[in-house]
Amino acid sequence: MTLLSPPSVVARPHVQAAPLAPVARLLPALAAVYRAQLARARVARIPLMFVASFQSIGILVMMRGVVDPGDNPSARAVVAGSSVLVVAFVALNLLAQYFGRLRATGGLDHYATLPVPAASVVLGAAGAFASFTLPGSLVTAGIGAWLFGLSWAHLWVLLAVVPLAGAALSGLGAACGLLAPKQEIATMLGQLGMSAALLLGVLPPGHLPTAVQWLRDALPSTYGVEAFARTFAARPDWAAVCADLAVCAGVGVLSLTLATWAYRRATTR
Amino acid sequence: MSETPLLPCCSVRGLTKNHGEIRATDGVDLEIHQGEVFGLLGPNGAGKSTLVRQLTGLLRPDAGSIEILGHDVVRHPDRAARLLGYLGQESTALDELTVALAAETTGRLRGLTRAQARAQSAEVLAELGLEPLAARPLAKLSGGQRRLACFAATLVGERPLLVLDEPTTGMDPVARRAVWSAVERRRAERGTTVLLVTHNVIEAETVLDRVAVMDEGRVIACDTPGGLKALVDGNVRLDLVWRRDAPLDVPAVALLADRVERTGRRWTLRTTPEEARELVAAVTTGPAFAALDDFTLATPSLEDAYLRLGGRHGGLAK
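Chains A and B, in that order, give the protein sequences. Reading the first sequence from the start, the letters are residues 1 to 269 in the working numbering. Reading the second sequence from the start, the letters are residues 1 to 318 in the working numbering.
Chain B on its own, in the form it takes in the complex (with noise of 0.2 angstroms):
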């Protein structure tokens, strides 16, 4: 990513939305670079879904500037549509469609020819592996493939960004993989950037080239998901799984009482490394143990970095 001359596939300036009393977006500032994978990370109600439906041209900013591939989508927002594939939350509109109709009917009204929708449609549900499911209706599907029939559809009629509004919700393993790896490719053939909406952390930390972290509609902080966690400043992760109360009167224990995190008979400590170490060495002899029914230690996640940064939730991770 860093040889290349990093041109802006997307430029956000000072974007604002008011629903009513609420900001939904509070001043965006946002640089996505073409041919990057680029997260939005946030909570439920951090202002994710109401930048992209901007971003699509869906949604009228109060204020601010929004410009893809050098054009100005604020002022012409009917471009956005021949700039991008949006995939949204919702299926509704091709739910009674059979998989292979609702990629072939979404390519032609990307303007394809209907040999051309009818070519790519066949290549994207063969490279995704839904050629078993093409005849079937999407509503007939589970969610996740019905989602994979959706991701399918966006992919036909070739757009130089992908807005992916949490496209692996629901989805299996299996799916997940032919998801990124039809979005890398894309990227390595054609420089196709991707904006990726997501919650999923453990996801974002694996498919992300850089990711905004959203919190009542303002970006908090914008870096690599490494450079995110290198916040938490090498902390650790302890969580201890208690297989009733916790011992308190072992001294070790009863000193963490104050200092964790509890959800229900779990104990969650964000520590350093060694007083991680002197803990576990505490909490896997004598009575502590016996009381124990499991524990992990784990390097710092996104989610760490997220608590750090003063995000005003509990936790991104579903």
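Just chain A, same shape as in the assembly (with noise of 0.2 angstroms):
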């Protein structure tokens, strides 16, 4: 055999195949995800966490300029939408960005070679950005409420609103991201997402096109800023309040079994 010919294929000693290192279950998982995602908030806070809020304030401050404070329909839209804007805009839209600059860098490369569940990544990246939009949302609640002169009696109910808005938002701006082809198409359709939610969600809807309002009906964060809206009202109607709530949670599960089938896809070619 010379140097440049190639390895010989002799009989190799038989190899007892070796133990095979435990896999991490789904729950410790998610919460290591979950948790370094949180200080990511650390780094990121500028983005994460005040851009976002800053966003809607001063869609809040606009309105003012052009909606009638006091309970009305459109007070309540405008407040609604606004603070669920702040979930859009991270959880689908900077989600979406990161899972997508991720796909595009080789940074899931990192996960894939773990012996990690899938849902695991995706769901702690998903519920640390949701989680991200709530000090975001509570703040432009409760300034919104002050300027338009609407009560303070139901804030709490976005502690349910964020996470489950943050759910479907969240599946959806990782799905984005993680089918995407490029790094750029998953930027756009994440932009795209918040706009749609900031012009849809923000705007009274007895004011929309009908056209518009079956677009409106169609996208995840309605149900959540009808939701929150409801609840402006001396006497919320609970139900109502609740069945929006389902479908966002509905919209969540389907959306995060789309984002997790789509990092399968992202990590196994």
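FYI, nobody ran anything at the bench for these hints, they're computed from the structure. Positions of the beta carbon are idealized from the N, C-alpha and C atoms, including for glycine. One should not assume that every hint holds.
Stated by the list, open to error - Label pairs and their computed distance ranges (CB to CB):
1) ALA126(B) x TRP146(A): 48 to 58 angstroms
2) VAL253(A) x GLU184(B): 48 to 58 angstroms
3) GLY45(B) x VAL61(A): 53 to 63 angstroms
4) ARG185(B) x GLY250(A): 46 to 56 angstroms
5) GLU184(A) x ASP249(B): 53 to 63 angstroms
6) LEU38(A) x GLY170(B): 26 to 36 angstroms
Could you use the hints to bring the two separately framed chains together as a complex?
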């Protein structure tokens, strides 16, 4: 054999299969990803925590110029829409960009070469991005209620609206980021989704053309906006609030399942 | 290395992968033994990364087999993650985490409990001298420090095989030494096998037990670094750097003009030690010496061996 010959195939000593290291279980792995992602807030706090809130508060101030304060459907729509917009900005837009970048740069290989369930990576990241939005949503809702003279009594309902709308929107954001063939397309999809949530969520639905109202009904963030807007009433229709939140939850399950599938597809080629 | 029985760690047979019209790996055969530091050397586009992606279960081959420690990784790509630790070229998944959290989280995702991950992470950071950087996010570190932090994450959650894709890129000599000490320690204490992808020829010569040279998707040679260097038949490399234009009016220089490889003002010649001695004597006197800025005479390197093997690129060293 010369050095230029390929290595010869000789009878190899039989190797007993080595023991396999344990796999990471779903919940501990999910918790580890969630915790690590939450820690990102320290580094990326400007876009994650502040930009989203500033944008929503700016919209509130702008709309205050054209919408009368007091308990009326338009004021409710503006405050509820601006609050849920914070969720759309981070959970849909920024998460789509995050997964798009991870996929484009080969960063997904890190997770793909660890024995970790796909769902724990997707749910951990989606959960963390949704969590980033809670303070911003609460602040936006508080300022909005004050600006438009609405009741603060039921702002607590955001504690249900943010996680459920967050699940639906982050699932969509993750799926967009993981399915987009290019990073630029992931960014564009995220921004389009956020723009839709802005335009269709903040404007009072009564003034929208019918076709646009259908589009609004097709957007999962709408149900979060509706659920929150209903709670500004003196005696909210809690059944309708729960129905809207159930839609968010249902869409959340579907979109996160889609995102998990998209993750598996992106990591096994 | 040679006295112990050579048990296979990783056996690759006829591995083929096409990217469209391009054959990224073209019937690759390799046998990596347990406990050895094995290198994959080759220029960009030679197929090293494609081969590694197939070994780590990231890419499914079109044909061929991969067996790692008795497990068929083509049939069960998910087992690769339970057998090997992989350091890829990108750190985007960890960039916004602190060094300590990146290592600990990676350990958690390798199936360690929180306490185990934390303890192992602390040990590895201490071993690599990363403790002063533990609380800093990777994104705010220099390229070499970030690479070292990613290497630390690769070591948390012990694996019998480490696959390291250009692990020391951008590192200073201290960090490089820390990496190779950590690798050597794991090999000595636990028999860890290391597959190293590199095109840093100098490093390859010093750390590898064996090396496979890849070119255009094929393994064009596989031997010890010494074995490969023996291919160049004892020739030496003479580098002459001229201040301005070469003094072609000097007969010895004029004779060389057609035989050398030119890179700007640098002339490189591979020749016998005897001729090299004569040439050095000729250019270090008279008008040639006045025109000479610098010269080096070096024994053959892996790069020379690579060129001798017919690699299609002008050289491997960055």
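Tell me the hint numbers this structure goes against, listed in increasing order. Per hint list: zero violations.
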